[in-house]
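Residue numbers (full-length UniProt numbering), protein chains in the order written: chain Y, 1 to 252; chain D, 1 to 252.
Mixed in with the good hints, there may be bad ones.
For lysine-lysine, the following BS3-like pairs were computed, each having C-alpha atoms within a straight-line distance of at most 30 Å [stated by the list, open to error]: (1) Lys131/D <-> Lys142/Y; (2) Lys142/Y <-> Lys142/D; (3) Lys71/Y <-> Lys229/D; (4) Lys131/D <-> Lys229/Y; (5) Lys68/D <-> Lys68/Y; (6) Lys131/Y <-> Lys142/Y; (7) Lys68/Y <-> Lys229/Y; (8) Lys71/D <-> Lys229/Y; (9) Lys142/D <-> Lys131/D; (10) Lys68/D <-> Lys229/Y; (11) Lys229/D <-> Lys131/Y; (12) Lys68/D <-> Lys71/Y; (13) Lys68/D <-> Lys229/D; (14) Lys68/Y <-> Lys229/D; (15) Lys131/Y <-> Lys142/D.
The set of hints was computed from the structure by calculation and includes no laboratory data.
There are 2 protein chains.
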Amino acid sequence: MSQQRHGSTPGNAPGDRAGAVTAFPDLPEATIARLPEYLRALHNLGEGGADTVSSEGLAAAAGVNSAKLRKDLSHLGSYGTRGVGYDVALLIEQIEYVLGLDQRRAVCLVGLGNLGHALAGYDGFASRGFKIVALFDADVSKVGEEIQGLTVRHIEDLGRVAVEENIAIGVIATPAGAAQTVADVLVDAGVTSILNFAPCVLSVPANVDVRKVDLAIELQILSFHEHRKASLTALPGGRSATAAGNQEAVGS
Amino acid sequence: MSQQRHGSTPGNAPGDRAGAVTAFPDLPEATIARLPEYLRALHNLGEGGADTVSSEGLAAAAGVNSAKLRKDLSHLGSYGTRGVGYDVALLIEQIEYVLGLDQRRAVCLVGLGNLGHALAGYDGFASRGFKIVALFDADVSKVGEEIQGLTVRHIEDLGRVAVEENIAIGVIATPAGAAQTVADVLVDAGVTSILNFAPCVLSVPANVDVRKVDLAIELQILSFHEHRKASLTALPGGRSATAAGNQEAVGS
DNA sequence: CGCGATTTGTGCACACCTTCACAAGCGCCT
DNA sequence: AGGCGCTTGTGAAGGTGTGCACAAATCGCG
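Generate the whole structure from the sequences, applying the supplied hints.
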C-alpha cells in the first residue's frame, strides 16, 4: 500500500475518547478495509432488534471468518464480553469513531457525466457518514445545472469553495484525460483524500491518499475467472454444492 | 479469497495458444488483480507510439514497483527481452488472452436506478472487452424504457434471455434488499460471475464468483485515513514533498 | 458458591505477497 | 569477435495476513 506508514504515535488507548487528539495503534490495512463492512452488518443487526452479537453471528453477516473478525476487533481494543458477545450499539460507536464517521465529512464531486450524476444522487453516501457539499465540472454547459439540490459550479471555483466548506475528500468522476488535472486542483485546494473513478493512475503528494475504483477492471478480473472455469469444464465436479463464502470484497 | 482453489490442471505452457482448452498455472490473486491495470497502461503506451517498454516504464505507468511487475509478468511466462524490454503489442495480446478478453463477453445488468443508468451508459465496458447485452428491472414502470439502444426487460425474462445470449457475467445495481433475490435468479440462469454494487453480502454456490464494489465503503476507508492524519497534525513533518506512489488500487 | 456452557482474545504456524539484489541474457558498438 | 551497458527473470529474505486451537473470562443455574 501507500508509503505513508507514519509510525503511529504511541498515545492513548483506544476507547479513551477523552483526549481530542487520539492517535491510533496502527491498524493493519486489511482490518481497516473490513471495518466498514462490519459496521454495515452491525447496523443491519441493530435494526433487526439485536442488542448483542457473537463473533460468529457478526462474521456471517459480514461474510468473513469469525476468527478474523475477532482479531480485527481486538486490534481496536474492542470490548466484547466473553460468554456473551459484542454489544451492538457500543461496537457501532467504536467503529464509527475509529473510522472518523462521528463527524459528518464534507465531500466534493468533480465530473458530472453519467457516473457523476449517479454518484450525486446516491443516498448511500448521506446515510453512511458523508455529505456531498459541492459539485464541479469543467464543461460550462453543465455549470448551473441543479442536481439533488446542489448547483453545479465551474471547476475554477473549487479552490475557494473547498476552503470555505472545509472539504477534505474529493471524488473524481471525469474522463481519464482530465483526471490528473483535477487531482492537481484538488490537492492545491487542500484536499487530502481522493476517490478516483477515472481509469488512470494519479500522481499526488505523499500526504494525499488515493483510492481507485475501476469498473472495467472488476469485470476483467471476473472474466479471468470465467476463462479459467471454462478451461476446467472437462474436469470432474461440475456445478457443485451450495455454499456461501466465495465473496470477493474490493479493497486493498 | 474464494474456496475454489481448484488445483490447476498441469497442462500447456502459457504462450502455447494452440490447444483450445489451455489451463492456467495458478496465478496469484494479487497478480490477477493487477493485470488489468497493466493492460490499460500498455494500451496507453501503444497509442503513444511505443513498440517496447521496460519494466521500469510500464511499472511507472501502472503505478507499481518494477520488481513486482516483472514477477507478475514472469508468472504468465511472459516473453520480455533482456536488455530491451517487453514488446507492447505482444504483451497486450498475452494479457488479454489470460484474462479471457479475446472473446467479447456478454454481460447483463440488473437494476436501472441512478447507478444502473450510469453503468448502462458507461463506454469503458465496451472498449475493454465487454458488451452489455441485456437490461433488467423488477419495476414494471421501467420495463420498456430504452437505454443506449437496449430495451429494459422484466426480470422474469432473465432466465430465458441469459441462456439465449449466453450470459456468464451479471451486474447487480439494485437496492440491497433486492440483491440476494436477483443473485439467486442470476445463478439459476447459469451466470457464474457477479459484480455486486449493492451494499450487502451475497450468498451463492461455490462455483460462482462474486466481486463487490461498495462506494460508501471506499469513502469510509478514506475517512479513516483522514481521521488518522488529523490526529497527527501536531507532529513534525506536515505537508511533505511531492511523490507519486501512494495509490491504493481496489481489488483483493 | 461452584460448575458447566459459551464466547472472546490470542499465540502460533502457515501461506501469501512484496522487495531487494543479482546472475543470466541480449543487443550494440568498436 | 569481444566487451560493455542495459534489462529481464528469480532466489531469498522479510513482512503481512489468515486460521486453527485453546486458555481465559463471563454468565446462568442449581
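Run through the hints listed earlier and report the numbers of any the structure violates, in increasing order.
No numbers; nothing is violated.
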